[in-house]
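Mind assembling these two chains? They're in different frames, but the hints should get you there.
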Amino acid sequence: MSELIGIIVSRDPDVRNRSLDQLCRVATAATLLEECRALDVFRRTSDNLYERVRAQFFLYAIHRFYLPLKDGIARTGLIPFAASANLLKRRFEEGIQILLKAQGSQGANPALSSGLAAAYHGLAFQTLADQVRRSVRSVRGNQWMSRIGHPADYPLTIRSELLTKGSTGLYPILRETTPVRMDLSHSGWSDIFFLGMDFPEGARVLNVSIDLAVRGSGEGSPRPPVEAYLRVIEEPVLRLTSADLSATADVSSFAEMFDFARDYLGLLKAAVIASGIVAPAMEGCSEPLSDLLTRLVGRGRGLEIVSRVRDIPKGSRLAVSTNLLACLISACMRATNQIHALTGTLAEEDRRLIAARAILGEWLGGSGGGWQDSGGVWPGMKLIQGVVASEGDPEFGISRGRLLPVHQVLSEEEVSSETRQRLQASLVLVHGGMAQDVGPILEMVTEKYLLRSEAEWTGRKQAISLLDEVVADLRAGDVQALGSATERNFVGPIQTIIPWASNLYTETLITRVRHEIGEDFWGFWMLGGMSGGGMGFIFDPRRKSHAQDRLQAIMSDTKQRLETAVPFAMEPVVYDFAINERGTSAELLTGDSALMPRGYYDLVVPALMRVEPRMLHPARRAELDRFGAACRTAPELAGMMQNLFERLLPQSAEDTSGKAPPLKVLLEQFGFDPTLHEQIRTDMRNGRIGLAQNRLPVTSDIQDVRPGDLIDATGLVGERFARIGLDALKAGEVAVVSLAGGAGTRWTRGAGVVKALNPFCRLGGKHRNFVETHLAKSRRTGRLAGTLVPHVFTTSYLTHEPIRKWLDCVDGYDYPGPLLLSQGKSIGLRLVPMARDLRFAWEEMPAQILDEQKQKVRESLHGALIGWARDAGEGRDYTDNLPMQCLHPTGHWYEVPNMLRNGVLRDLLEQHPQLRHFMIHNIDTLGASLDPCVIGLHIDRGAAMTTEVIARQIDDRGGGLARIDGRLRIIEGLALPSEEVESALSYYNSNTMWIDIDRMLAAFAIERRDLKDESKVGAAVRTVAARMPTYITIKDVKKRWGKGQEDIFPVAQFEKLWGDMTALPQMDCAYLGVPRVRGQQLKEPAQLDGWLRDGSASHVESLCDWE
Amino acid sequence: MNIHKAVITAAGRNQRALPLQTLVDRDGNEKTVLRLIIEEVLTAKIDEICVVVSPGDEAAYARAAVERAGMIRFIEQPVPLGYGNALHCSQEFVGNEPFLHLVGDHLHVSQTGIGSAQQLVQVATEERCAVSTVQATRENVIQHYGTVAGPKISDRENLYRIETVIEKPTPTEAEQKLIVAGMRAGHYLCFFGMHVFTPAVFELLARHVSLSSALAELAKQERYLALHTRNRRYDVGVKYGLLRAQLALSLSGDEREDVLSQIIEVLAASNGLQA
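Heads up: the protein sequence lines correspond to chains A and B, in order.
For the first sequence, position 958 (counting from the first letter as 1) is numbered 958 according to the working numbering, and the numbering increases by one without interruption.
For the second sequence, position 124 (counting from the first letter as 1) is numbered 124 according to the working numbering, and the numbering increases by one without interruption.
All the pointers check out, no bait thrown in.
Once the Cα atoms are required to be at most 20 angstroms apart in a straight line, the calculated SDA-like pairs of lysine to any residue come out as: (1) Lys168/B <-> Thr157/A; (2) Lys730/A <-> Gln914/A; (3) Lys177/B <-> Gly392/A; (4) Lys239/B <-> Thr157/A; (5) Lys152/B <-> Gly392/A; (6) Lys168/B <-> Asn337/A; (7) Lys168/B <-> Leu342/A; (8) Lys168/B <-> Arg295/A; (9) Lys168/B <-> Asp153/A; (10) Lys177/B <-> Gln143/A; (11) Lys168/B <-> Ala341/A; (12) Lys177/B <-> Arg137/A; (13) Lys177/B <-> Pro394/A; (14) Lys239/B <-> Asp153/A; (15) Lys1083/A <-> Ala1097/A; (16) Lys461/A <-> Val387/A; (17) Lys177/B <-> Ser146/A; (18) Lys239/B <-> Arg295/A; (19) Lys168/B <-> Gln143/A; (20) Lys177/B <-> Ala341/A; (21) Lys177/B <-> Asn337/A; (22) Lys177/B <-> Ser138/A; (23) Lys168/B <-> Glu161/A; (24) Lys168/B <-> Ser160/A; (25) Lys168/B <-> Glu349/A; (26) Lys177/B <-> Glu348/A; (27) Lys177/B <-> Glu349/A.
The hints are simulated quantities; they were obtained by calculation from the structure and are not laboratory data.
Extracted from the complex, chain B is given alone in its bound form (with noise of 0.2 angstroms):
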């Protein structure tokens, strides 16, 4: 299995000017999240890139590229019909082989040194199957995200054999239907805006309104697996997302010591204590 393409989708309605925000990444550049979300993209050895964009958005994501725009092909939704008919939209571009896919309002930073991205396509290429990376959520927030259940593959570290596929549960449903052997009491495998599908899941999305739905049927279809991943996913489009985004990078990277004291010095202050 062979993974040259990749796909970011950022055409949501109310996302639409997240990947275009600035932050300082690890290394103290400031970079937009599509440039940081493509960088994580050519961990993975990406050849080409397809952003699903919003009519009228290409021009501002070229842009925000800056000297990646040339290796982008940008695709326009034309209806705001949701996130699956977005992925659906790049159909084309893809063709008839497997892709990777990552959310255009999701930042991922690695705890190991190896990337997401880099990570996800390996197992790809190894299990020659869609794999989504999913992460151990608590179940106070699944409600906010995909989440996957199924049993462990064995000998296989972190790798899970999906079976069932809910969008934003309640713990209540995911009591009954997502408990996975081996998680801890309450916690459970959500998506973390990163996956590898076969050109299949473009047919289930032709009759599925969401990608989660397409994907419990992609289940049933097809070998699917879940990647349990160490690391962490910021989603930028919640309430301090961009701020809780900006802290993880910069706490995980070289000026971790010049930030810690900068936070310091507000919470004193607004405190009242003088630094």
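Same shape as in the complex, but just chain A (with noise of 0.2 angstroms):
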């Protein structure tokens, strides 16, 4: 029997809970490929759904992390474009019969090995999401729902206390409250389903009830943060409302209720499905909404939901938006029956049914959050842990644990009401600013535990029994114990588990803190997937106040330092809270109480008082009268008659612009050509220029590379290179070109912030950026040769004076060499993408399709942004947004150049008259060095230009080196005909460099002496950029707006890449192809963990000299 299947099936712990990484390290080729071919087998035959799941992650493992690695194994292969196809519609069977058939024929090698992880990895995920999808559909309770398919079979009615209008001819309004939740444990992310649901016993959390107010935001003391109003009307419609997102909408019609991302009601619509008053099976029903609702409410009525959050940021770890889900779910069940309490506080069984279709009301808006998220639901303080599935329970027989976990509400016997005072009264939350993706961070806990990597299940039994430390701390009252035990587990436990939790911003703060406050500061605390947005900081209780005030200033201080480096979506605040002794509770608002929240006021009365009072519906105008009633002599209503005055005469756009420099100044300065903006608007709009126009003829000629077309550097290159490399970097004859210019689009999904200075890893011990570990690199080339390498940022409007100011900040982190940045000289203005563009983008090109419910939902909001772009204006300039977001970098083909034309080149050239080569290279290739013997290669072929390729894997999609009707040349992504096209391409470019100074002076027809020209080296500039290609792109911009909402639009911008410089006849051009972890770029936060664990990142550090 192979031996990993002996630890998947083995019933003691001991061995089920060994790691994969024990066997891989020292086996053999063979041996793996063994163990493979026996776990393949197995996966397929297993009854038990984790069997087969833990079989999956360690086949995916074997091919990520070791196998490639192995002696014996081939440095390159193909993998077939049927195989990437399957994996990106999710056919991952189909996948992994296409891959294991090639390495059948081609030989095990990495391109395969990449191939077969991703498919692995995909599959894993897909399965146990399909049985969280099944588990949460057969919760007792949840189960009608799928098979209520038409209004006709419809079985719920209203309760009749909200069919009774009061005197003011008006309907009651039934209005719950609830909680959010906090983790006082962070158990190691243990509510994650799959988690829990294959290791119970470990699965526990100790989650909070509280409620909220803002800091210094004048709304008096805590309160439950967020509200549903339910009400009858007389108008056949579904009537969603948020409050406090300003958006409603009147729904008649099923297709619109199951259109998520329509609009910003997408969590109004998923409660209204997850409580039942549309049933999940009633999607694709094509009769009027309103024959439901006769059944419901009564003919010519309808409901009206309103939703609130009282001004709790998005991000802010506290689950809002689960416990708003659960409060709108426990209004609308309660209004139909199927909670026995229409007011007041809840039954236990009645929480439990409100949880669970609180996670069906998650999948269905595409979301997902762990088990313990609609803990406000459940009064105070709770131990929530999972349970083994026993006989009778829907999961028995196939996951270990059940779904929804059991909850122990703590009694005052068991945590004092003293001691509750006294966590009250020392704990400071706040929200940092940050609000982060954490969806890759629970796939990696995910993948963490179902291998067993060693350090990893240390730190979960860590975790564990730090758990049970925070409970004894709470039972014994010592809120200073707890302190020091939720710190512990932030350094250790977590961080073990996953390094990303922290960050550099956070760890800034702690230490400012505790500077600050000294003992007094009893520990810091963690909530949630990550940190940077909402956390804890637990004082002595004599301090807190001091402590509130100090954090608001040590946050807003720290965060404008990093906010061009770190993505922050807000403002940092600090709370006031309280701990919810109810849970979610409800009361029933009759006659002149009967008002919805302010916010609603606020977005529906404009809109009505432009109506005559004659065409108001009679419950309209009896509404707006007892509101204008109310707003004389309800204090919470105070001021509104001023907030109504000014929507309906909105400010000018002038007035409200802020501090940011106006767009038209900015276009100014940064030197913006409106003429060539023009020519590609009007070469857009007519279709000459787009995304289908950015690709070759599909009649070229395209050939992957023959033998000897490329120099292999990737593994021992002679002696004699080295010594010519050494020579040239001893005689001053190398410099270093790191290309900054670029927005980082991918790496923040278009916040706007600096990717170079984007601290994104602990290295050497700290958190470091990208300038500083290139940095680090050219120091450590300059000793072991012992020179001083120049080394160049090329910059743009967008990150110039980011990168001077941290520079000059940390003094060019003590750069011994000369330091210099080259300012961009171009830029362009966004434009609204043409609804081709878009469609070409998400019908035409190939992506990862998405889980089915999550597909769903974006195929709604591209629906959603067509409609945007048609609305906006196809081709119209964006100027909807922060003045810098509307702007673009024009495409790194301009940060050579750019050097020619803002004289830094010519500077250097005078000071280091010997200087003859360039490396340039992208901000996120990590690897890229002054190798010696790369540059002997480079020297020694003696071309204008030699570009360095890697042997292409699944994820390197974008282009590579093919013969283009004959002649070889880096392809960019955007010009390849079709995706087959590529994927029969050998090599991928990493847009790694070495470019001979005069012969790329010779290509754009100049000498070295011309450098002091500027008309000439303009000249010879807009000579060569009329060669080049110009390549429409679609890219995300984020605008943020409200409380840490962020919206991502998709613009089009134009861009020429350097890549395409391969293409001109006087560039004589060399190709070499490198090893990965010289190669390989860092495009998305989501690669840092797997580039940490399979030695990428040690290869790195041990290139550079931090100091």
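Pasting the structure below:
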């Protein structure tokens, strides 16, 4: 029997919990391949879900981290296009079949292993997600909703109390208020469903329901932060309104109800569906929604549901959205008799039902949280624990644990009211301002748990014992000890399991707070998936008030220092909080008190006031009367009239522009070329340029490289080349150019921060950014060669000032050599994209299909965004954002000519006339270094430009090295006529290039001495630019609004890319195949964990001298 | 156990006129709903019948019962305090013995040739305990009925020991508390409008407002069974209830072909076709 299968099926926990690494580290390639064969058979045949999934994760890990590095494995290979296509469509089984067949014919190689790793990884998560979905549907109380597919079958009716009009002629309002939850333990993300359903014994958290108020907001004492309002209306529609997101819609069809991303009402829709008011099985029903409403509330009537979040920003790590979902579901279920109590608090069985429905709602809305997130439904402090599935449970025989955990509410005998008071008096809750996607983190946690990686498994066990310690501290009333435990948890197990849980911002805050408050700072406590957003700091109660003031100041100051490097969604805030001992609760508002929340009237009254009173429905008129009266008397509606007046007469755009310079000023300042812009706009609108037009004609002859087309530098290179390289270094002939002008869109999804300055990883014991890392490599090379290597960072309008200021601030990291910035001289103005380009990007180009429900949400969003492009005007200037977010860099082609135009190259050559070669590389190619062997190969070959390429793997999309109509050149992915062509290319462009400066200048038809002649240089650059293709690209840009809300819009921009220089006949180019650790680029934060684990990070560290 | 008394409740505020409606029975004879119910009762060899009515309704009901009026005792429910109270009003009539109970707005159509009341009384006599007839009902309509759940009695076809009774549950509640092993998914055992009760029910009705909550209590304190019938009941009190009941009666009787052809004629005419 295979050793790994033995680990998976063992009933002995010591064997079952053995890590994969123990075996794989020492195994030969042949042993691993045999294990893979056995595991693949096993994962197909095992009846046990988690055994199958663990086998899939083992297969993923072997192919991702071990097999490609073993002796005897070929260095290159080709991934069949059919395999890539199947993986993108989530047909993982078919993809695996094709890849295994290819492995049979090609032999094992890194390319195929990368494909197999991706396939097994995707399959494992799909298997887990499918199981959770099945479990959610099979929870008793949820099943009927999958069977009721037509209004004629509709079983629910509204409670009679809600149909009883008051003397005002209006229906009463059911108001539900719900606290949010904080997780006082952070038990190693053990509330992930996948984890709890396999390891229920280890799935435990200490969850506390809390009320909140943002400190200094004038909101007064803490209150339940989320609210839902529900009432009957005399129109046959479902009127959904989000008072805090200022969105409202009258839903009259089932299609619209299931269109989650059409507006900001997705969460309300998910709640209405999960509550059963519109059963999930009614998706696709073509009857009018009014048929259902007739059965529910009577002919001609409908329902109005309003949600409200009280000023709590997004990313609070307090599960605001899940508790809002639960709050809405609770109100809907009370109103439809599914819960017996119309008002007041809930019985335990009802809370459990709401928790199950909230999970369903999260799945419907394409989001996902942990099983503790609806903890606000329960009162006070509770220990939530996974439960082993037993006979009679739907999960029995499928997974070890149940989907839903049990909630043990801690009584005052267990944790006294004095202790609760002490906790309130010590804990300062904050939102640090960062709002990050924790999805990748949760995947990493699941993967590491199922692989039982040694360090992480030890960390998990420590986290479990720390939870016991936290509970014991609470029972003993020792808040100081609790602070110590939560901080040890953060520093120890949490970061052992996921290093990315911490970041430079958080650690700076902790250091500064400790420095200022000293021993009275009892400990840091991390909430939720990542730090930087919601966090807790525990103090001696005597210092709490002072600490709150100081934390606000420290956070704001630290944010200001880091905001160009780290994506912040909002200004940091400090909360006041109180433990909520009721859980979710409802009341029936009748008579004069039957009013909606303030934000609701802000939104709807201006529109009603524009309608002639006689045209208004009598119910609306009555409501306006009542609202008008309440404005004069109700304190919570104070100032409403002023608000409404301002909304009716909005201020002009000029008055609200704030502190940032207007767009017009920025355009002038950065050298915007309006003529070129108009030309691009016209061409784009006329269809002369666009995503489809980026591509080479289908008649182009595109072939893969032939033997001898490139120099192999993946293995040992002769001593002679090392000597040539070292001599060049010693002679001061080599400099580095790091391309740092780009916006790094994929790194932060268009947040507009400077990727080059992002402290992405802890290297050499500290968080380092890309600039520091590249300088550390140049420092080390300089020391080894006994020289000072000039290092240039090219910048753009977006990156120049932040990088300059940062380098000033850190004294250029004490880099001993010449350190220069080459400021960008070109800028573009983003355009609203053409609908046809959006369709091309989303429908024609290959993209990873998502999980079923997430894909539906994505397609709905795409539909909404195409509608936005049409409404905003295709091809119009994109100006509806902060001015800096409306501009774009114009591609890295310009970054090299900019050095010619801005005088940097001229000055550099004057000061270092011996300089002959540049290594130009992307900011995120961390392995690129001044390796003497590579320099030697470049110099020996004597090319004007030597381009480094790496053997293609599954994620390497975006062109590569090819023979185009007979000429060997770099081809951008944008320009390839089809994806199938790309998959046939063995090498991917690392975008690291070696340039012979004089020969490059010759290609521009100038010489060194011409660099002083600005007009000659300008003409030379324009001439070559004209020969470079212009690509239209669609990029994401974030628009921030409200309380930490972010929308992502696709915008059109143009760019020219340096790789196209290889197509110029006057550029004599050579190509170098280099190892992956040297050429791979970090495009997304989700790559970091693999990069750290596969040895790439330590390789980079080995190239650096940090001081 | 000897059952020779029956109680029919017909005092509901919105149901007072329903038992007086006239339908055509399976044999083609015109009869009031009340008379049809009484005939159902009589198949179970019942000697004494009590009808609980609203004040002032006795005369009309006596006329509706025609020749059976003589064997009926009418009891008024003085104040409209609900169904449970109406049944409680019959306590004196029933005395200290088990009795058959039917509601005045339900008609029952047999699929087997044996009347539903006859079948129920037979089972209650054999089992010597309270028994309610129940019908498998789809989840989309259970909010109209009292619903029961409990384990099947071994070796007895169609008999269940009632453990839970919930009045008009939602499917959500039904799925959590009323699933009965062996039933098709989404189907529950709902009251059929026909019961045999022991006199203990009167004590419980004195303490509980609704009959269902009294029956939930009854299930806790004594053996209480559910008889799952294949026969059909028709609630004449719901929209088109009388029409459905009439169709069910006619289509199970001698004039089935004639009724069918008339339905087709109506259908054709409503679609603009000539018959």
